[in-house]
Amino acid sequence: MLTLRNRRLSRRDALKGATAGLIGLAGCSGTSQDGERTSSSEQTEQETTFRVGTPWNPDSLDPLVKGWMFRKLNVIEPLVIADYNASVKPGLASGWTTSDDNLTWKFTLREGVSFHDGTPLTVDAVVASLRRSFNSDSLASLPVESVSGSGERVVEIETSTPFAPLPAHLTRGPTSIIAESSYDDDGNVTAPVGTGPFQFDSWKPGERITTVSNPSYRGQTPAIDTLVYESVPDDQTRLLKLENAELDMARALSGSAISTLNDRPNVEPVTYAVPRSRYLVYDTTSPPFDDRNVRRAVMHAVDREKIVDSVLNGLGPAATGPFPSGVTNWANADLEPYPYDPQTARQLLTDAGWEPSEDTRERDGAPLEIDLWTYDARALPIVSEAVQAQLSQVGFDVSLQVMDYGTIEERANSEAFDLVMWSNSLLWYPDPDRLTDFVHSENATMFSGYANDRVDELLTEARQVTDAEERKRRYDEVQSIIQRDVPIGWLTYVTNVVGVDADVTGYEPLPTETCYHLENLDFDGGENASQTETANAQHRSPDALFRNRHRSKK
Amino acid sequence: MRYLLKRLVTTVLVLGGVSILTFSMTALTPGDPAVAALVEQTGHQPSEETVVAFREQHGLNEPFPVRYADWAIDTLGGDLGQSYSSEQTVASMIGQRLPNTVELAAASMVIAIAIAVPAGVASAVNPGGRVDYAAQFGALVGVSMPNFWLGYLLIIVAALWLDLFPVAGSGGLDHLVLPAVTLGSGMSAVIARLVRTTMLDVLDAPYIRTARSKGLRERIVVYKHALRNALVPVVTIAGLQLSYVLNGAVVVEAVFQRPGLGTLLVDAIFARDYPVIQGVTLLVGVIFVLTNLAVDLTYRYLDPRIDRRGEPA
Amino acid sequence: MSEDAANSAPHRPVGARWRRWYEALTTTRLTKLGAGLVCALFALAVFGPAVSPYDPAAQALAHRLEAPSLAHPLGTDQLGRDVLTRLLHGARLSLGIAIAVTAVRLSLGTAVGLVAGYVGGWVDEALMRLVDTLLAFPGIVLALVIAGILGPSLTNVMVALAVVGWASYARLVRSSVLSVREREFVTASRLLGRSRAHVLGRHLIPNVVAPVVVLATLDVGGVILGTAGLSFLGLGAQPPTPEWGTMLASGRNYLRTAWWLVNAPGVLIMLTVFGFNLLGDGLRDALSPTQSAHIEQL
Numbered sequence: 000m001l002t003l004r005n006r007r008l009s010r011r012d013a014l015k016g017a018t019a020g021l022i023g024l025a026g027c028s029g030t031s032q033d034g035e036r037t038s039s040s041e042q043t044e045q046e047t048t049f050r051v052g053t054p055w056n057p058d059s060l061d062p063l064v065k066g067w068m069f070r071k072l073n074v075i076e077p078l079v080i081a082d083y084n085a086s087v088k089p090g091l092a093s094g095w096t097t098s099d100d101n102l103t104w105k106f107t108l109r110e111g112v113s114f115h116d117g118t119p120l121t122v123d124a125v126v127a128s129l130r131r132s133f134n135s136d137s138l139a140s141l142p143v144e145s146v147s148g149s150g151e152r153v154v155e156i157e158t159s160t161p162f163a164p165l166p167a168h169l170t171r172g173p174t175s176i177i178a179e180s181s182y183d184d185d186g187n188v189t190a191p192v193g194t195g196p197f198q199f200d201s202w203k204p205g206e207r208i209t210t211v212s213n214p215s216y217r218g219q220t221p222a223i224d225t226l227v228y229e230s231v232p233d234d235q236t237r238l239l240k241l242e243n244a245e246l247d248m249a250r251a252l253s254g255s256a257i258s259t260l261n262d263r264p265n266v267e268p269v270t271y272a273v274p275r276s277r278y279l280v281y282d283t284t285s286p287p288f289d290d291r292n293v294r295r296a297v298m299h300a301v302d303r304e305k306i307v308d309s310v311l312n313g314l315g316p317a318a319t320g321p322f323p324s325g326v327t328n329w330a331n332a333d334l335e336p337y338p339y340d341p342q343t344a345r346q347l348l349t350d351a352g353w354e355p356s357e358d359t360r361e362r363d364g365a366p367l368e369i370d371l372w373t374y375d376a377r378a379l380p381i382v383s384e385a386v387q388a389q390l391s392q393v394g395f396d397v398s399l400q401v402m403d404y405g406t407i408e409e410r411a412n413s414e415a416f417d418l419v420m421w422s423n424s425l426l427w428y429p430d431p432d433r434l435t436d437f438v439h440s441e442n443a444t445m446f447s448g449y450a451n452d453r454v455d456e457l458l459t460e461a462r463q464v465t466d467a468e469e470r471k472r473r474y475d476e477v478q479s480i481i482q483r484d485v486p487i488g489w490l491t492y493v494t495n496v497v498g499v500d501a502d503v504t505g506y507e508p509l510p511t512e513t514c515y516h517l518e519n520l521d522f523d524g525g526e527n528a529s530q531t532e533t534a535n536a537q538h539r540s541p542d543a544l545f546r547n548r549h550r551s552k553k
Numbered sequence: 000m001r002y003l004l005k006r007l008v009t010t011v012l013v014l015g016g017v018s019i020l021t022f023s024m025t026a027l028t029p030g031d032p033a034v035a036a037l038v039e040q041t042g043h044q045p046s047e048e049t050v051v052a053f054r055e056q057h058g059l060n061e062p063f064p065v066r067y068a069d070w071a072i073d074t075l076g077g078d079l080g081q082s083y084s085s086e087q088t089v090a091s092m093i094g095q096r097l098p099n100t101v102e103l104a105a106a107s108m109v110i111a112i113a114i115a116v117p118a119g120v121a122s123a124v125n126p127g128g129r130v131d132y133a134a135q136f137g138a139l140v141g142v143s144m145p146n147f148w149l150g151y152l153l154i155i156v157a158a159l160w161l162d163l164f165p166v167a168g169s170g171g172l173d174h175l176v177l178p179a180v181t182l183g184s185g186m187s188a189v190i191a192r193l194v195r196t197t198m199l200d201v202l203d204a205p206y207i208r209t210a211r212s213k214g215l216r217e218r219i220v221v222y223k224h225a226l227r228n229a230l231v232p233v234v235t236i237a238g239l240q241l242s243y244v245l246n247g248a249v250v251v252e253a254v255f256q257r258p259g260l261g262t263l264l265v266d267a268i269f270a271r272d273y274p275v276i277q278g279v280t281l282l283v284g285v286i287f288v289l290t291n292l293a294v295d296l297t298y299r300y301l302d303p304r305i306d307r308r309g310e311p312a
Numbered sequence: 000m001s002e003d004a005a006n007s008a009p010h011r012p013v014g015a016r017w018r019r020w021y022e023a024l025t026t027t028r029l030t031k032l033g034a035g036l037v038c039a040l041f042a043l044a045v046f047g048p049a050v051s052p053y054d055p056a057a058q059a060l061a062h063r064l065e066a067p068s069l070a071h072p073l074g075t076d077q078l079g080r081d082v083l084t085r086l087l088h089g090a091r092l093s094l095g096i097a098i099a100v101t102a103v104r105l106s107l108g109t110a111v112g113l114v115a116g117y118v119g120g121w122v123d124e125a126l127m128r129l130v131d132t133l134l135a136f137p138g139i140v141l142a143l144v145i146a147g148i149l150g151p152s153l154t155n156v157m158v159a160l161a162v163v164g165w166a167s168y169a170r171l172v173r174s175s176v177l178s179v180r181e182r183e184f185v186t187a188s189r190l191l192g193r194s195r196a197h198v199l200g201r202h203l204i205p206n207v208v209a210p211v212v213v214l215a216t217l218d219v220g221g222v223i224l225g226t227a228g229l230s231f232l233g234l235g236a237q238p239p240t241p242e243w244g245t246m247l248a249s250g251r252n253y254l255r256t257a258w259w260l261v262n263a264p265g266v267l268i269m270l271t272v273f274g275f276n277l278l279g280d281g282l283r284d285a286l287s288p289t290q291s292a293h294i295e296q297l
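As you go down the protein sequences, you meet chains B, G and W in turn.
Note that numbering that gives the first Met the number 0 gives residue 235 to position 236 of the first sequence, counting from 1, and the numbers run on in steps of one.
Note that numbering that gives the first Met the number 0 gives residue 48 to position 49 of the second sequence, counting from 1, and the numbers run on in steps of one.
Note that numbering that gives the first Met the number 0 gives residue 8 to position 9 of the third sequence, counting from 1, and the numbers run on in steps of one.
Keep in mind that the hints were calculated from the coordinates and are not lab data.
Any given hint might turn out to be false.
Unchecked claim - Some chain B residues well away from chain G (every beta-carbon gap over 10 Å; in silico):
| no. | residue |
| --- | --- |
| 1 | 111 |
| 2 | 187 |
| 3 | 245 |
| 4 | 336 |
To be verified - Every beta carbon over 12 Å from chain G, so not counted as near; a handful from chain B, in silico:
| no. | residue |
| --- | --- |
| 5 | 61 |
| 6 | 190 |
| 7 | 230 |
| 8 | 242 |
| 9 | 243 |
| 10 | 304 |
| 11 | 409 |
| 12 | 415 |
Said to hold, decoys possible - Just so you have them, the derived chain W footprint on chain B, three or more residues with Cβ under 8 Å:
| no. | region |
| --- | --- |
| 13 | 169–179 |
| 14 | 219–225 |
| 15 | 232–238 |
No residue lacks a Cβ here, since even glycine has one placed at the ideal position from N, Cα and C.
Input sequences plus hints: build the corresponding full structure.
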């Protein structure tokens, strides 16, 4: 196989010697980093190194903390994984059944699986790993009673109440199965030893994780020999590094990157719809958004189509409800979107007692001033700026603050706020029970303060029945109720932009964003590779709907 | 000797002040650091019990002087505490990042001196001439340029157009060049001005006049005799530019996405990771105070007449 | 403090003093350039916004990221706003902030320096140790921490920059006071039974004005860079405020597609800082030749 980088031997390499000399004179030692770099980016004819740039910081090896990161790299695998329809499918478990009372789940382990340390995947290992997971804070909200082995190949999980979303929760990073050799005697993870096609090699906290292909993987051995996960927090820098061949894949790029990626011959954009939304969270417990009409006024005042077409470079689409219907069947197809209609918005505000004054509106002498909080990711700041301007057209006086998301969570949970712009995946575990996190009166992690008995009742029932039709009926009703009450205003869905090296073939992005599946990549070193490769890729794509290569040049 | 003692006592006092200031800044904060840290760690709102336990575990319930004393004692023992947002200790996080910043500081100093000395000498040889004007003008442009802007210009030109260096990141020496140039160019302006001033002084000194009157060639006078003597204070003063390096590192590391003390501090500030903020701030303060002390003493040793700060010694 | 300036200050007629400032501003070409730049920027900040036909916050989503043209000499930004208009409003903001912060630094520092130098004793000791402590931190690092802890806003950035920056003034003023305090005319005033306040106002302050003004002029540039730097890191102005550093930071997402978004504010920041530095250098050289080295070290 041709290596990815050989094609682009740059003047940079020639200069390396010169700079080394200069810095060496200054008595400044960089040998340790230097050594590491040499091994990770210079390749022989046989080695292929693939570097993925992401905005996220690798600051822990523990799957309970950063399991999602190792899950994305497919170093660790859980019993259940997400498929291309944003639904569950067998992972390390080849299948599962529930008891009649829906309290006991039996997961049958896949045969012929071994950990990276060579030990086989046994019932004991899985039970130990799952017990560690369920005892941790990150999974404390699940009603799991006990985990035990049953015979050679079956693991039993008992829950205190019937809990239909259990398999979906078992796709989450922290539930991935790791060998006992992963942690030391104190339970601290020293290296995540999983079962996936890539195995952990080394890391530099806060900078990068290096993994290598797992030669004894049960499936096909990956074409990538060394897979490097690099943290590059700034979107633009990730793009520039990809352009400059310092990365082979740059994730979570902004929409404005597409034209740049199309203009350069060595890279190309891949876009795909994901079950993720940008939305407004209202504080439904304090004025002015304790009044449903004011919340509806916002929905009519925001021109979502225009925002998608302009600042989001056409990547949305505008949202109707929580779930994008093209990506998942859990979307309620009957939801009516709030049409853009500033006149209705003004009328609703007047009805709510907010009378027009000089520039804004007032009620009982108090001006309609609101704070809009957001954080810097997924184009939220620029969308917020557009929303700010549109709301001011109907009489809101909006001050926008860009903060750290942790600060927003903390403040919104502990004090009265007005409006928060947020973005989250609606299916990061592939089950509509995720709505509980948004609108349940007690269990919600989103902070709208919304409380509706009917919604709580439906969400609880939908957890307890296992029949998909029955569940969908309830989740549809929840979606209708929150569409009426708008504790959360859905603005747009998200289309991910990933930049990849043009030599890459076989990249099939997973809509749930939970795993990159880079083990499926292949490389084509030929100069004309990209044209033929596009056609092939689309044939192979299990769901071409999610996936769009922007080949057209402007 | 008396001066030395007084200087040491002052330094210890200042270090005490630095530590109090560092510690108390984070006590002024709005919001609850326990809640902030837990949200950062777990990604969801912590329960009341978790918050109470966290406060207990991190000693956040004690009164301020007790917390300061605990922290100061731990710090003296080299224990800077535990980061709120990652499971690492502050000391190990700093340990991982510090080499990158030291590397950047050293490299930018080399570049600064490489630009500044020739420019300063050229200015001094013919003060008021064209070269002098150009050098002074260039130096001022250098200090006036926001280094985040210069950084992006260098990325576009040197990395993307000319393909000479990598865009960003850390690792090899090639990653070091653009950030070091960004940081070094501003610093070179200040150093060039100093070289010019000291060269002018030296060129006017009696021994140089003697050398000239003996008929030595001007070039030999300038390079062999004057420059060597002029450089002694310059090299010392360059140490004082550490402040510039540390200020600049915050922004330059952000532009080039280099993991270092600057990015560590900025990340910690946004994540409200107080132990890390305290650790980095304290370290920066201590490094700075000690460097100043070293520079001061060297300076005094080199030239006992100098009373740098105009204070009655 | 120059021997000559110190001795003659109390007797110098007002007209002569102004003439001295005027001469200082026009001695060299570079100083003239600096004075010209600063005047031009003030003119732009005062009159620019009134002349511009656009609203700095008015979005025109249909006209995003348009390259420079006659209608938009510096193009439009990611929300279709006129970049030139925003820069002009930003000039008002940046100059206003820089001058306000410098004024606070100057007043606070001068007050502390006067008290320390004039009162002496343990008050002096205590104040100077505080000054040492503040000067023990690189300014931007300390300001970053303070602004970060207070939360992102332009006001907090101003507070942070003011808090970390007054110490240099205090040290400068104090040493000027010390050198003037023992001079004959001060001793004479005290012997004549004048109050401390009288001595302070009549003799000390006029003697520290020149070096302080020089330092302040050089400082304005630093404050502008500091504000822009902190805003660039996300701690300063919040949208849609047209602050230069914030504009540059949000323009960096369009580095490859809309070069003007990063470079227009970049050039403007540089020119402004450059102007103030030239002006400050010129003033320093002209007003207090022997003080130059002193100020340079601060």
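Hint check results:
Distance to chain G confirms residue 111(B) as a non-interface residue, since its nearest Cβ pair spans about 35 Å, more than 10 Å. The Cβ of residue 187(B) sits about 8 Å from the closest Cβ of chain G, inside the 10 Å cut-off, so the non-interface label is violated. Not every CB of chain G lies more than 10 Å from the CB of residue 245(B), the least distance being 5 Å, so the non-interface label is violated. Listed as a non-interface residue, residue 336(B) keeps its Cβ farther than 10 Å from every Cβ of chain G; the least gap is roughly 29 Å.
A Cβ of chain G approaches the Cβ of residue 61(B) within 12 Å, the least distance being about 7 Å, so the stated non-interface status is violated. No beta-carbon of chain G comes within 12 Å of the beta-carbon of residue 190(B); the shortest separation is about 15 Å. Separation of residue 230(B) from chain G is inadequate, the least Cβ-Cβ distance of about 8 Å not exceeding the 12 Å criterion. For residue 242(B), the condition that its CB be more than 12 Å from all CB atoms of chain G is violated, with the nearest at approximately 7 Å.
Against chain G, the non-interface label of residue 243(B) is violated: not every CB pair exceeds 12 Å, the least being about 5 Å. Interface exclusion of residue 304(B) from chain G stands, the closest Cβ pair being 32 Å apart, more than 12 Å. At the 12 Å boundary, the C-beta of residue 409(B) falls inside the reach of chain G, the nearest C-beta of that chain being 5 Å off. Taking the minimum C-beta to C-beta distance to chain G, about 14 Å, the non-interface status of residue 415(B) holds against the 12 Å cut.
Counting residues of the region 169–179 of chain B whose beta carbon lies closer than 8 Å to any beta carbon of chain W gives 0, which falls below the threshold of three, so the coverage claim is violated. Against chain W, the region 219–225 of chain B contributes 0 residues with a C-beta closer than 8 Å to a partner C-beta. That does not satisfy the three-residue criterion, and the hint is violated. Counting residues of the region 232–238 of chain B whose C-beta sits closer than 8 Å to any C-beta of chain W gives 4, which meets the bar of three, so the coverage hint holds.
In summary, the structure is inconsistent with hints 2, 3, 5, 7, 8, 9, 11, 13, 14 from the numbered list given earlier, while agreeing with the others.
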